[in-house]
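**Q** Let chain A serve as the given structure and place chain B on it in line with the hints.
The residues making up each chain are set out below.
Protein chains: 2
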Amino acid sequence: MRLVNGVLADNLNLRDRAIQFGDGVFRTLKVRAGQLEFWPQQYAKLVQDCARIGITAPSEATLLADIAQLAPFDHSLKIIITRGESARGYALPADIKPNRIVQLAALPAYAERLYLAGAKLVLCATRASWQPALAGIKHLNRLENVLARQEWSDPAVFDGVMLDRDGWVVEGVMSNLFALIDGVWCTPILNESGVSGVYRSILLNDIACDEIPIVECKISLAQLYAAEAVFMCNSLAACVPVQQMGEQSWPLLSGEIAARLGQRATSSLLFIGNQSA
Amino acid sequence: MRLVNGVLADNLNLRDRAIQFGDGVFRTLKVRAGQLEFWPQQYAKLVQDCARIGITAPSEATLLADIAQLAPFDHSLKIIITRGESARGYALPADIKPNRIVQLAALPAYAERLYLAGAKLVLCATRASWQPALAGIKHLNRLENVLARQEWSDPAVFDGVMLDRDGWVVEGVMSNLFALIDGVWCTPILNESGVSGVYRSILLNDIACDEIPIVECKISLAQLYAAEAVFMCNSLAACVPVQQMGEQSWPLLSGEIAARLGQRATSSLLFIGNQSA
Numbered sequence: 001m002r003l004v005n006g007v008l009a010d011n012l013n014l015r016d017r018a019i020q021f022g023d024g025v026f027r028t029l030k031v032r033a034g035q036l037e038f039w040p041q042q043y044a045k046l047v048q049d050c051a052r053i054g055i056t057a058p059s060e061a062t063l064l065a066d067i068a069q070l071a072p073f074d075h076s077l078k079i080i081i082t083r084g085e086s087a088r089g090y091a092l093p094a095d096i097k098p099n100r101i102v103q104l105a106a107l108p109a110y111a112e113r114l115y116l117a118g119a120k121l122v123l124c125a126t127r128a129s130w131q132p133a134l135a136g137i138k139h140l141n142r143l144e145n146v147l148a149r150q151e152w153s154d155p156a157v158f159d160g161v162m163l164d165r166d167g168w169v170v171e172g173v174m175s176n177l178f179a180l181i182d183g184v185w186c187t188p189i190l191n192e193s194g195v196s197g198v199y200r201s202i203l204l205n206d207i208a209c210d211e212i213p214i215v216e217c218k219i220s221l222a223q224l225y226a227a228e229a230v231f232m233c234n235s236l237a238a239c240v241p242v243q244q245m246g247e248q249s250w251p252l253l254s255g256e257i258a259a260r261l262g263q264r265a266t267s268s269l270l271f272i273g274n275q276s277a
Numbered sequence: 001m002r003l004v005n006g007v008l009a010d011n012l013n014l015r016d017r018a019i020q021f022g023d024g025v026f027r028t029l030k031v032r033a034g035q036l037e038f039w040p041q042q043y044a045k046l047v048q049d050c051a052r053i054g055i056t057a058p059s060e061a062t063l064l065a066d067i068a069q070l071a072p073f074d075h076s077l078k079i080i081i082t083r084g085e086s087a088r089g090y091a092l093p094a095d096i097k098p099n100r101i102v103q104l105a106a107l108p109a110y111a112e113r114l115y116l117a118g119a120k121l122v123l124c125a126t127r128a129s130w131q132p133a134l135a136g137i138k139h140l141n142r143l144e145n146v147l148a149r150q151e152w153s154d155p156a157v158f159d160g161v162m163l164d165r166d167g168w169v170v171e172g173v174m175s176n177l178f179a180l181i182d183g184v185w186c187t188p189i190l191n192e193s194g195v196s197g198v199y200r201s202i203l204l205n206d207i208a209c210d211e212i213p214i215v216e217c218k219i220s221l222a223q224l225y226a227a228e229a230v231f232m233c234n235s236l237a238a239c240v241p242v243q244q245m246g247e248q249s250w251p252l253l254s255g256e257i258a259a260r261l262g263q264r265a266t267s268s269l270l271f272i273g274n275q276s277a
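Protein chains in written order, with UniProt numbering: chain A, 1 to 277; chain B, 1 to 277.
Just so you know, the hints here were simulated from the structure itself, not pulled from any lab data. A portion of the hints provided could be inaccurate.
Same chains, same names: a pair is fine if it fits in one copy or spans any two.
As the list claims (entries may be wrong) - Below, simulated DSBU-like cross-link-like pairs (lysine-lysine); rule was C-alpha separation at most 35 Å, straight line:
| hint | residue 1 | residue 2 |
| --- | --- | --- |
| 1 | 97 | 218 |
| 2 | 138 | 78 |
| 3 | 120 | 78 |
| 4 | 120 | 218 |
| 5 | 218 | 45 |
| 6 | 97 | 120 |
Quantities reported herein were computed from a predicted structural model and do not represent experimental measurements.
Looking at chain A on its own, in the form it has when it is part of the complex:
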């Protein structure tokens, strides 16, 4: 089920700059029992990412009407905002209008043992690019993630860790990384590489407190290996404790962060779809 500008569609116009240049941004949200997780944060990040590259984001009401039309229940929901359509070339026509795509997919089936026994990671040879103009943005230029994802085929592997040019830890191919170092949860600074996910921001902005300090910092591979615990997070899988990467293994994450995040998630849910039934 896919909508383009609110209309059921299977296709996008070939003049769309998403096709020509990857000129747009996206969001992936989890819908459980008809509830959109972290909608306020997801919409705020969409607006912020659009602004970073000069696209006017659709209104919240417009997107919620699209979503209501699709009536997701237990789904992964992807929103793509493209800059719109233009003739050949990088230059923008003055009157360009963004296109919005809203599409449903099945939720990935993460087994309970992933959360109980912990995830297995690989260390990717593909590095995360250096590009401060795009760092942090969930934009449509994701070829490096595609290449990194081809580095493993073992379905037991949850994600791959990507380093930057200088060997600093950046993120997973499809998730953000947190490491407990000297009693402080650390997550890589993403001002030169990587994607800043909504889950990561919620942890930093809403969960961090005196008892659970969480900071952004540079993390070397040696520091990651020496960390007391590691977890990955994204909007579909939530917090996933990490058990091993290659020869390295970590003790499993205590339940505290996960529990706090769960509370926060519950209070952030926005009812959509059949809420009036």
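**A** Same frame as chain A, now just chain B:
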């Protein structure tokens, strides 16, 4: 006029990974009087770029049949090869099949004075990303070019020069750069950033000789400013002598390189379309 897999079309399936991730490569060719310029080199580069990211390129015969169907005369011709369609996520289904898009556009109208008086450039604040896994490839992740192109609106500006993280000169937003330094034509090494264009390769591989030495090397901004002459090149504009960038100006390029390239171009032309008429 656009073809998708050889069939006239206005749209691309929303499941195509070009839309989702910019997962593909492209070529832009010049067609003059029904003649495709540098076709053998363009096709070879397409195959090479596809191989770099693990896409099987269409056969030369398939693409030439598409092109013949469109019967370009004086046109810009763009070929896009996408990895194909898939469900959500970076992972690739085993049976994925590439999609090919062939589209015509008007040739850009470069005024004769551009070649006689020389081009005006700007120095872009947007840097070229560091990403050795993708450097040199003309792939569909072109958001940094889109951002850099928004740095000027003066139609008298031909292109903008992009530097890398460390300040080395990489390329133009839509062209490659050559600078005459100590009597040798130098063009930036593109193994960490940038797009290696077909015109650039022809200059390096076919035009370079004892009388016209051309080498790849690192070029600092100071070296560029101090260069004896500068030109930009791409497949639509060919060789464009540069007259100025900001406060800096250069003497115009002698005609020798342009003349040699012109000879080479003539011998590389492949007749298509009405060649049997």
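**Q** Now tell me if each hint is right for this structure.
**A** Against the structure, the hints:
no. : hint      : in the structure
1   : 97 / 218  : neither (39 Å within a copy, 40 Å between copies)
2   : 138 / 78  : both (12 Å within a copy, 27 Å between copies)
3   : 120 / 78  : within (26 Å within a copy, 42 Å between copies)
4   : 120 / 218 : within (22 Å within a copy, 41 Å between copies)
5   : 218 / 45  : within (23 Å within a copy, 38 Å between copies)
6   : 97 / 120  : between (43 Å within a copy, 30 Å between copies)
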